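Colleague: Here is what each chain is made of, one letter per residue.
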Amino acid sequence: MSLLTPHVGSQLVDLGSAVLLLICFAIVAQRRLSACVDLFALQSVFLAATAALVAFLTGIHHIYAAALLTLIIKAIVIPRILRKVIERLNVTRELVMNVNVPAGLLICGGLVMLAFFITQPIIPLGFLLTRDSLAIALAIVLIGFFTMIARKKAVTQVIGFLVMENGVFLGAAAAAYGMPLIVELGVFFDVLVGALIIGIYTHRLQDAFDSVDTGRLTTLKE
Amino acid sequence: MTFLFAGILGIYMAGMALPLCFPGRPRIQNAFAHGLAAAAGLVGIGLGLAGLFAPEPWTASAESTIPFLTFAIRIDPLASSFVLIISLAGLAVSLYALGYVREFYGRIPVGVLGSLYNGFLLSMTLVIVADNGFFFLIVWELMSLLSYFLVVTEHEKPEVRYAGLFYLIMTHVGTAFILVVFLIFFQQAGSFSFEAFRNPQHVLPEGMRTLAFLAALIGFGAKAGIVPLHVWLPYAHPAAPSHISALMSGVMIKTAIYALIRVYFDFFGGQFPWWWGFTVLIVGAVSALLGVMYALMERDLKSLLAFSSVENIGIILLGIGAGMTFQTYGLKEFAALGLVAALYHTVNHAMFKALLFLGAGSLLYATHTRNMEEYGGLLRRMPWTGLFFLIGAVSISALPPTSGFVGEWLVFQTLFLSFHVPTVLLKLILPVAAAMLALTGVLALACFAKAFGISFLALPRSSHARHAEEVPWSMRIGMGMLAAICLLLGLLPMVVVPMLDRVGTSFTGVSITDKVVALNGWALAPVNVEFSSLSSPAIALGLIGLSVLGLLLVAVFGGSAKARYYKTWGCGLNLSPRTEYTATGFVQPIKRVFSTIYQPTVKLETEFLEESHYFSKRRLFETHIEPVFQKYLYDPIVTFFSAMADRLRVIQAGSLHLYLTYIFLTLVALLLMAV
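Quick mapping for you: the protein sequence lines, in order, are chains A and B.
Counting along the first sequence from 1, when you hit position 145 you're at 145 in my numbering, and nothing is skipped either side.
So the mapping is simple: my numbering equals the position in the second sequence, first residue as 1, plus 1000.
So that you can see chain B by itself, here it is in the shape it has in the complex (with noise of 0.2 Å):
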């Protein structure tokens, strides 16, 4: 363990430094930057395996000069799950990025571009490991600014940089959040290290604890991108190089998911009032089925991408919030369940958006616009982008037989448990976070059918698409790779399941292997068999049987089997892309009946001949939805805070000589008090 965290650490460091000992010569620069990050990847990838196997927890310490301050790591169970997701997206986002960032060849120091790169994915790593308060904050920091840099990489467009702006703002609001919690237990316990937080000798206060719970979901939530903190979300995710955004949605949010995990269950020891997990449920059900509905709505695959992350945050925290709920009745077993439900959901969304992620970043690099509109065709002309692109779509909308599909299935198990809660409301609530998913699931498989179909189907829209090509293999082998994961992890729930059992059992104390692995390894069932089971192998080799069938049934009945080429039949008219469904055609009847969320306004404006008014020269036809959190919560924010600082303009008159004068005058003071 020592030595492969040591390799880890060694391998991002070396390619921190080495890409910028290149100046010049990005080919150089490329290939150091990502190559050493996909080998740092593969370390990873062992290092999360043994620590998810080893019998203790591995730490490590080393002292600094600074009070309070212990470099200090541990690795865990939960922390070796999340390690092994990030280095899992890290090895196949690096290889794609070996061929993505060519594109940005003499437009962007690519040097500075991979050492960034790196230090992202150590500082993520880190992160995780950090066994120390103070050292969290430290390397938590590292990870917000360094994702700032990287997206504002392509600084000289103004969008870029009000993203970059929104996302830093966002995100220090939530450190400071976090820091509040951090300092609650640091009064209580009088050291930073994690150890003397979890220790149960110091009991919070019950108000304490209670502020210490809002802060923490508050802090992690905006990084998280819950609702109505997740406004940042569709402004940095699309502003990033693709392969950033696939590291930022499908990694990084999923780091505050760990600390969320970490507080609660570790520091807090599973001890909450009923309400917390309630509380936790209910923002679950809110941020996954909001997110789903503005992602639906959206042009800009990349901004589709981020809002339908704040939907997966929203159901992976609908698998803590049961997790918390069953822990406050002491159904350890069900609380465990509940965990596992969500790391398996967590580690499903990383590995299908961070695809999904790389998937339009390939369109991106073969047409040049994020604009849905202008795609269309491409799968004849990308079929292997398109192949991958598919998988993860299928995945994300949890249709069998990929990982989605199982990683829901549990969360939905988990739900359907309430029946043991012995509070009545609890009972009700429940079944409705339940119903909510399942609304947010369909809307998901809507939006992911458009994002799909209107990208990859049909006639292109645009000259971009039809000069598209398919993207260079480096970029295919990194999303081919998620998308074989995509399949096994959904294929292998048996495999997976032990493995992520181990971090729940770390934290309720009892294991769930022998009650959800049920006959013999080919089913799943929540803790009970007879309550349901569930055989991805089975269901796979149905459809495979279907599909054989269907083909059995078409060559017996079906008579000629020769190709046609022919144009296809549009009723008389001749069929161009300027028939085809547009997105925003394609999601207008889920837009009417949600009308009261959208608030959509339509303009329309006809300008007739002079002759005659039955034939119109011009039409133009603008429609909006209203961005309902940024105007009623944060618009009044913003104002206030502008009104505010408008008034103590006053004393900034702009003078240096003031200033110093300021300085000057607070230090004599300040002398003479100490007198």
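Isolated chain A, as found in the complex (with noise of 0.2 Å):
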């Protein structure tokens, strides 16, 4: 116990939130759609285990059902969800993206470098233990919701769309120790039933388009 000093208890929270942001960067560069799936399912691992970390470390109880919550719903039920999505759509792999891996990857670090821009004023004012990864998780936002531009199959987009999630979960336990536990479950609520309501419409436009590629709703203008 007294190797958990408060400074370690940061610092180990800090990696925590750095391995989030490498997975981040693994799903931009992956193409497969199994694998993104499964990255995903990983990221939101390592989500639940910094959560109860941070729950550890200050003795607030409901982080622990959050970070509980966060693993059995991000992790284990929409991962599933999305894998008969993609088993019974039979697509496996993007061919084609709005923006190249190389140039993805590259968008991605300027976003990250423009994340600690931002929050650079800001993470001193705070006094929490877990400030610093304010800038992580922000940066986590912005590449989710890249992925979600980047990308053209509707799949990865919800992908990018749960990322996202996972980004202001972790700036919710890391800048304020959580958000109330109501808040944390409509959130929840919210996003299972946007997991499976964009699990439909992608069924739906396999069915009219013959394609989960987005760029095809164009065609729906007049």
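Since the hints were derived computationally from the structure, they do not count as laboratory data.
Values in this document were obtained by computation on a predicted structure and should not be read as measured data.
Label-pair restraints from in silico Cβ distances:
| hint | chain 1 | residue 1 | chain 2 | residue 2 | range |
| --- | --- | --- | --- | --- | --- |
| 1 | B | Gly-1106 | A | Arg-204 | 27 to 35 Å |
| 2 | B | Pro-1205 | A | Gln-120 | 43 to 51 Å |
| 3 | B | Ala-1484 | A | Ile-197 | 46 to 54 Å |
| 4 | A | Gly-186 | B | Leu-1165 | 26 to 34 Å |
| 5 | B | Ala-1645 | A | Ile-197 | 24 to 32 Å |
| 6 | A | Gly-186 | B | Pro-1273 | 44 to 52 Å |
| 7 | B | Glu-1156 | A | Leu-181 | 37 to 45 Å |
| 8 | B | Lys-1157 | A | Ile-197 | 24 to 32 Å |
| 9 | B | His-1368 | A | Tyr-201 | 33 to 41 Å |
No farther apart than 20 Å at their CA atoms in a straight line, the calculated lysine to any residue pairs in the SDA-like style are these:
| hint | chain 1 | residue 1 | chain 2 | residue 2 |
| --- | --- | --- | --- | --- |
| 10 | A | Lys-84 | A | Gln-206 |
| 11 | A | Lys-152 | B | Leu-1665 |
| 12 | A | Lys-152 | B | Ile-1663 |
| 13 | A | Lys-152 | B | Gly-1654 |
| 14 | A | Lys-152 | B | Thr-1661 |
| 15 | A | Lys-152 | B | Ser-1655 |
| 16 | A | Lys-152 | B | Leu-1660 |
Pulled from the structure, derived: some chain A residues nowhere near chain B, Cβ distances all over 10 Å:
| hint | residue |
| --- | --- |
| 17 | Gln-11 |
| 18 | Leu-12 |
| 19 | Glu-87 |
By construction, the Cβ of each residue, glycine as well, lies at the ideal position given by its N, Cα and C atoms.
Using the hints, build the complex out of the two chains.
Modeller: Put into structure tokens, the structure is as follows:
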């Protein structure tokens, strides 16, 4: 127990956050859809671990509940739904992207710098152990958003959306020791319903256009 | 009071939840939804009466976590009178709906319909009792949305969807103006509570007062259906199921009247410049006259009733406008009389318009058409519906001894008192308004003579009408209850006026009961018994006496009273449904007289036999009246917005990625700006 001084604890939380960011880059670089889903599940596992660590360090119990829910919903249930969608659609890899992989990685690097640049004036104002993670959380949100723009397949867009949500969760846990439990529950429910809806929407897209390329939606205009 | 209010809240909520618990079993859903709504109506009548006679307004409130929002309730005499209206109509309409909704079994999810119905009634009640601007706006919006969903119940028909959309847009434009009103008050008072709004210490600057007055007139006027914001009524009211139309036309548009009285007499404390009352008066007179003129031309019975609602809202506004004018000049007794007259007509209209819509619903139920040209001869087949519809029609035409007569008489007397006003312009305008009201009354009589005559008399015009049957008991009970109320309101004004006077007293500070109820309660007089007076029991007795006298005269001088059944004499022709007056034909003279307003167009095409031009093979006759407001006011606005939307389409490429990029760039730019 004596090993886990506040300083070490804070370093561990930073480490966890850094792993989450690294996985984001892996998702951006990965073309295979099933691998993307696996990476997302992995990221969620680390997110749950980081949240549990925060809970342990601060002794705030309801963050444990949030961590457990993260594990169940984001690491198990949603990846399962997404795998089913991929299986049914028979789409395994993404061949054409709006932004190719090297350029995407460069842009993501820029986004991380942007996130650190923006949060620089804010972080010294905080007084929590975990305040450094805020920059990383913002970077994850931005990268998630970028994934939604860069990819064409609906499934990867869902993953981008979920990554964004992970970033928001990390930011809340790190910068404010989590949101009230009722808010967390609401958000989890939203994410689950969102994933379900997008899953169904992907099927409909496939039925209507014989493709899950959301770029085809432009034909809906007129 | 606490118990009664909690009771209403609980029963309506149960009525919203329980019907949804029995999917696929429409009979149970129907029983729960409308049975509970009827029970809540009964409790609501109790609450309304208790609130009306309570010495002090009853209040309750619950804080919320949202800033400025408090769930505050206040039941003062004005609110009580409207709770009473909603509950009375709600009770009768719920009983009616028990039978009427059977028609929808299997076609429409009755549970959802019933649940929405309860929610609609609850939201209307909450609008009336809300005592916080924020809370009011929430329940007001809720009421509008729930009624929208009810309007589009039969959404598989394109015209219903169009009507719903039209209604949704109009009601939201209105809400925008209402928001302006509350924000103006909020800015000055620093709180959304109505208590702060009516606090005389926060006097609004002159410009803001004017803005708030106009915004309230437009915002609530759009809901009430004043000309030229009335265009949604003839679309939305006929599109809804009939029991919903009855509530919308009879009750919902009255919530706007309530809100107008609340804002003008309560928040502004009755301090008006002279032109406010004048404006309301003009709006009322124009609405009344144009409303009835368009009603007259309708062949769709429910559209006719919807236009007639515009007319009656106009009559109510005449009373309010006259009251406001008298208030300006400190003639408090007359102001109270104006309010009482307006409220009396509000109660009346809620009752007879609900009754007439239920009657129209019964005809729809029996014949499956709303077109009056396909009715005819229904009195013989549906005697009860016919009797109740007749009572409603007599009442709305303001004939004694029914309620409409007393209400309009009071409005007339208020307008006649204008010679007490010191301004010459108003002295001239008020009698002109009275003259317009007189014209309105006559045209309304013609309109309902047509509605009743074409629908119920003569021979059936179609096979629908030939095969019509009387409607089920519960529907007849609902209509019968409203018909009885119409008669009672007409016979016992001396009981009703003191009740409504409590509302007038709460705003003007003077009670006029002693002066209006004259001759030991046997007659009404407009403040001054020498000026004029009215005794409705005496009129009723006189009417009964005259009919007995008529029978007596027949018995004495009429010879044989034996009934002989024979064909009507038709000058040697065989009479058939084709020789009857049609609804269009009946009003043809009026269309000619007022052709400036109607701008009718007639198209006549004749196809002759090839051999001779003296014989025609086929004739086609088409006639239309110009929808002036739609053509010259709404169409240009719609065209303008469509053109704007076309231009904006450039940035709407329809690409998901592009939209995401917009959002992303905005986000990054904002973040950078924050640094």
